[in-house]
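Peer 1: Residue numbers (my numbering): 200 to 384.
Treat the hints with care, since some could be wrong.
[As the list claims (entries may be wrong)] In the EDC-like style, the derived pairs of lysine to aspartate or glutamate whose C-alpha atoms are separated by at most 16 Å in a straight line are:
1) Lys238 with Asp374
2) Lys279 with Asp298
3) Lys247 with Asp204
4) Lys247 with Asp231
5) Lys238 with Glu214
6) Lys279 with Asp294
7) Lys354 with Asp266
8) Lys295 with Glu267
9) Lys243 with Glu214
10) Lys319 with Glu267
11) Lys279 with Asp374
12) Lys243 with Glu367
[Said to hold, decoys possible] Ranges between beta-carbon positions, derived for each pair:
13) Pro263 with Phe203: 33 to 39 Å
14) Tyr258 with Leu234: 23 to 29 Å
15) Phe203 with Asp313: 14 to 20 Å
16) Ala212 with Glu345: 39 to 45 Å
17) Glu345 with Glu273: 41 to 47 Å
18) Ala277 with Gly352: 23 to 29 Å
Hints in this document: simulated from the structure, not taken from any laboratory. Note that the Cβ used here is the ideal one computed from N, Cα and C, for glycine as well.
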Amino acid sequence: MNNFDKALNALQAGEVIAYPTEGVFGVGCDPDNNLAIEKLLEIKQRPKEKGLILIAASYNQLLPYIDETKLTFEQLDAVKRTWPGPVTWIMPSSDKVSDFVSGQFDSIAVRVTDHPLVQKMCNAFGKPLTSTSANLTGEPPCVTTEEVYLQLGDKLVAILEGQIGGLENPTEIRDAKTSQVLRQG
200 MNNFDKALNA
210 LQAGEVIAYP
220 TEGVFGVGCD
230 PDNNLAIEKL
240 LEIKQRPKEK
250 GLILIAASYN
260 QLLPYIDETK
270 LTFEQLDAVK
280 RTWPGPVTWI
290 MPSSDKVSDF
300 VSGQFDSIAV
310 RVTDHPLVQK
320 MCNAFGKPLT
330 STSANLTGEP
340 PCVTTEEVYL
350 QLGDKLVAIL
360 EGQIGGLENP
370 TEIRDAKTSQ
380 VLRQG
């Protein structure tokens with residue numbers, strides 16, 4: 200079994216995987232599997248209240264998780280013009296979204312990635328992945344497969360091997376209702 204298939208099988212089995220993104224390695228799992236999300240939060244030592252990003256191959260993959268009716272055509276157009284790419288948007292969440300994903304918020308952070316390997320994984324998995332940086336709390340995010348193995352290798356079932364994109368900063372985060380930049384990219 201090749202590395203890609205091993206990572207895909209791990210996702211389908213409710214496990215947490217690591218994968219390269221635009222700027223750093225991320226860790227993620229099935230956004231519809233609360234047990235998998237609990238594993239992810241435990242690995243990251245991340246509080247549930249903070250919520251997680253969903254990273255997708257296409258806008259259509261995000262539709263079950265967002266509530267488009269709470270945004271205007273202009274607001275949606277502004278979001279879609281930045282994708283695929285390294286901009287994460289805070290959008291109203293649908294009733295389907297677990298509190299494990301949205302945290303304490305009635306919104307959800309979402310991104311359509313332009314990283315080809317993550318796009319391939321999301322397409323093969325058939326939906327978005329949760330996404331947070333691959334690192335232990337207080338440690339710098341991992342930028343190579345080797346760093347992921349050193350920091351998190353004993354906690355993960357699979358690491359999707361590949362190169363990160365050329366982004367040097369974390370992705371920009373914007374509010375879809377106001378277009379306000381919440382974190383500079």
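Peer 1: None of the hints should be skipped; say for each whether it holds.
Peer 2: Status of each hint after checking the structure:
no.	hint	result
1	Lys238 with Asp374	violated (28 Å)
2	Lys279 with Asp298	violated (25 Å)
3	Lys247 with Asp204	violated (29 Å)
4	Lys247 with Asp231	holds (15 Å)
5	Lys238 with Glu214	holds (8 Å)
6	Lys279 with Asp294	violated (22 Å)
7	Lys354 with Asp266	violated (34 Å)
8	Lys295 with Glu267	holds (13 Å)
9	Lys243 with Glu214	holds (14 Å)
10	Lys319 with Glu267	violated (25 Å)
11	Lys279 with Asp374	holds (13 Å)
12	Lys243 with Glu367	violated (22 Å)
13	Pro263 with Phe203: 33 to 39 Å	violated (24 Å)
14	Tyr258 with Leu234: 23 to 29 Å	holds (28 Å)
15	Phe203 with Asp313: 14 to 20 Å	holds (18 Å)
16	Ala212 with Glu345: 39 to 45 Å	violated (25 Å)
17	Glu345 with Glu273: 41 to 47 Å	holds (45 Å)
18	Ala277 with Gly352: 23 to 29 Å	violated (40 Å)
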